[in-house]
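So the sequences go chain by chain: S and E. When we follow the working numbering, the leftmost residue of the first sequence carries the number 7, and every step to the right adds one. When we follow the working numbering, the leftmost residue of the second sequence carries the number 47, and every step to the right adds one.
Quick caveat, the hints were computed from the structure, so don't treat them as lab data. Some clues are possibly wrong.
[Unchecked claim] DSBU-like, lysine-lysine: derived pairs with alpha carbons at most 30 Å apart: (1) S:Lys188 x S:Lys229; (2) E:Lys56 x S:Lys323; (3) E:Lys216 x S:Lys319; (4) S:Lys99 x E:Lys220; (5) E:Lys220 x S:Lys175; (6) E:Lys220 x S:Lys44; (7) E:Lys243 x S:Lys112.
As the structure is a prediction and not an experimental result, all values here were calculated from the model.
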Amino acid sequence: MKRTIAWQLSTVVFVLLLGILLFAACKNPSSRADKPQKYSLHLMDMDAREYIVTTDDLDSGLIKPEEVTEALPDTISRNIIVKNGYYYSLQRKSDILTRYALKDRKLFPIGHLQLHNFSLENFLWFGRDSLLLSGLNYSSDTAKYYLIDTKNMQVLANGLLDIEKPTGKFVSTSIGFVEKRKDTLFVGYTFHPPIQGASYTSSDTMYVSRLVYPEMKSIGLQKEWRSTYPGGINNVQHNEFTDEHGDFYFMSCPGIAMGNRPDLPTAVFRIKANSSIVDPDYFFNLSSSVIHNHAYGLWYIGHGKAIVRSERKDLYKGLSDHWSTPHFEFYVLDIIHQKVIKKLDLPLDKGTRKECILVKGDNVYIAVNSPTDGNYIWKYNLKTEQLTRGLQLGGVSAFIVRLDRLQ
Amino acid sequence: MKVNADLLRKYHNNQCTPSERIAVEDWLLNSEVDALAFHTEKDKDVIKDAIWKDVASVLPPKAISTEQLLKPAAYYVWKGAVAATLFIALLGSAIYYFNRNSEKPAGFMVFRNTSALKVNHINSRSYSLTIGTETSAEINEHNGVIDLAGSILISPKKDIELKFDDSNSKVHLKKGQTYIIINSKSGNHSLIVVNEKNLINLSPVIQKKLIQEFDI
């Protein structure tokens with residue numbers, strides 16, 4: 007009798023377990039699709055349609071965007087901020103900042119925030135959910151900021167940034183970097199005269215204002231004449247970083263694609279951790295190094311090294327083909343000793359400005375688009391200095407314009 | 047072929063077939079051809095009345111009333127003659143005017159926008175064009191040569207090919223796409239042609255200016 011009961015009980019338990027297993031097996035595919043993946047890739051095809059695909063594996067495989075997702079709507083572009091599984095995009099016509107999450111491999115809006123008369127120049131995370139957006143009004147002559155609680159999509163603070171205004175022959179501003187240290191904000195910028203047709207240029211001077219946070223009032227101003235156009239719009243490409251010692255580095259971008267003062271050098275500058283001014287003794291002139299060109303894009307890869315993405319002025323004709331011609335090279339820099347270590351043996355890359363480098367431990371992942379060698383995520387091992395081809399982007403992919411850590 | 051109001055409308059919209067075009071041009075040049083055909087007799091009367099009202103408004107009212115009272119028969123003859131003459135003259139000028147305008151986009155065009163603030167919008171058979179601020183553009187559609195100083199936003203309605211005065215390269219523009227073309231006679235960027243979707247590839251300084259200028 008006891009044996010029969012035990013048998014019946016074990017049968018019930020078995021059936022229950024089987025049920026749970028079956029339920030889990032059925033549920034798994036959908037939950038796997040929704041499970042946030044580690045990396046986000048922003049792709050563009052030849053007709054300028056854009057796609058966002060995600061993956062856990064940058065080392066191998068093939069992704070064809072048209073097979074796994076749909077093209078993004080026109081309202082979302084590559085100037086997007088990616089953090090902790092969410093995407094943030096400011097629509098330039100409506101001034102609405104939207105927070106998106108991935109759902110069925112597509113961006114799904116989950117929060118909105120209306121900003122006013124605001125064009126974004128730089129973003130900076132103060133914490134997991136606090137985002138500082140620095141930018142300009144539509145006329146580009148007044149600096150403004152919004153401090154946003156991204157979890158609840160609410161404005162925590164907003165107002166004017168107390169930096170210099172364009173005067174005399176200058177009518178507009180470009181803010182190239184914003185860096186925070188305790189209660190001080192460093193804002194790097196320059197000015198521009200009115201634009202006539204395609205002829206634009208920048209002042210030969212760059213400015214670094216120190217503002218006290220949170221009041222955003224000026225407590226110091228430094229003028230620099232060694233180069234101009236500091237940094238850039240960092241939700242399109244980074245030109246600045248802080249190293250393990252707290253030293254802040256930024257690159258000037260006077261080449262034709264940014265400041266258009268090609269007579270001045272592309273150079274790296276430093277504000278040391280214990281200093282409040284641009285280091286007068288530090289000036290890493292890349293244009294006069296073996297690189298011998300202007301550059302756009304600088305990323306820190308650890309241990310005093312950085313990678314710069316530099317153009318080849320002998321390979322493009324002008325701004326019309328600057329983005330479509332493969333002419334970009336990648337160099338490893340010794341940022342402390344101001345030396346070019348080596349050029350990476352990669353195919354020439356195309357696309358004027360891209361966020362294309364991601365560091366994970368000893369590996370640096372570099373997204374390269376070559377019309378002849380294909381679109382690949384290359385892996386550069388910092389210890390062995392070996393370069394290997396990883397994930398391939400196929401199908402309609404023509405440009406990998408962003409490579410972001412999603413989680 | 048009977049020339050009627052519909053055919054004339056097609057003619058000045060450049061939608062005529064070659065045979066229709068010949069018929070209209072024959073009708074215009076030949077004084078011996080049939081009178082203009084109206085849809086109905088009512089249309090004819092309406093137009094006649096309208097013309098007469100115009101004529102009557104410029105005539106001394108006293109004279110009209112006298113003539114109406116004393117010479118009703120002569121008045122009607124006179125009225126018919128004036129109406130017919132004026133109608134033909136008006137129609138001729140209208141056709142000349144429309145014809146002149148419709149030929150313009152097919153040939154040589156000069157646009158100048160001297161405003162520092164506002165853009166001009168132009169629609170033609172081949173493209174929609176927005177002329178940027180402080181811009182002059184001369185477009186020769188026969189050979190596709192453009193002489194441009196400033197900025198234009200162009201959306202071709204068919205695939206077109208353009209050449210620029212100071213550049214040897216040809217630019218292919220695809221139907222249904224929107225392109226921004228900027229050119230300067232000075233500076234180191236002589237000519238930039240970019241699909242509106244690729245605006246982000248341009249320098250941020252130019253991007254911001256174009257976004258403001260063309261409201262894109």
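Here's how the hints hold up against the structure:
no.: 1; hint: S:Lys188 x S:Lys229; verdict: holds (23 Å)
no.: 2; hint: E:Lys56 x S:Lys323; verdict: violated (46 Å)
no.: 3; hint: E:Lys216 x S:Lys319; verdict: holds (22 Å)
no.: 4; hint: S:Lys99 x E:Lys220; verdict: holds (25 Å)
no.: 5; hint: E:Lys220 x S:Lys175; verdict: violated (39 Å)
no.: 6; hint: E:Lys220 x S:Lys44; verdict: violated (38 Å)
no.: 7; hint: E:Lys243 x S:Lys112; verdict: holds (21 Å)
Violated hints, listed in ascending order, are 2, 5, 6; each of the other numbered hints is respected by the structure.
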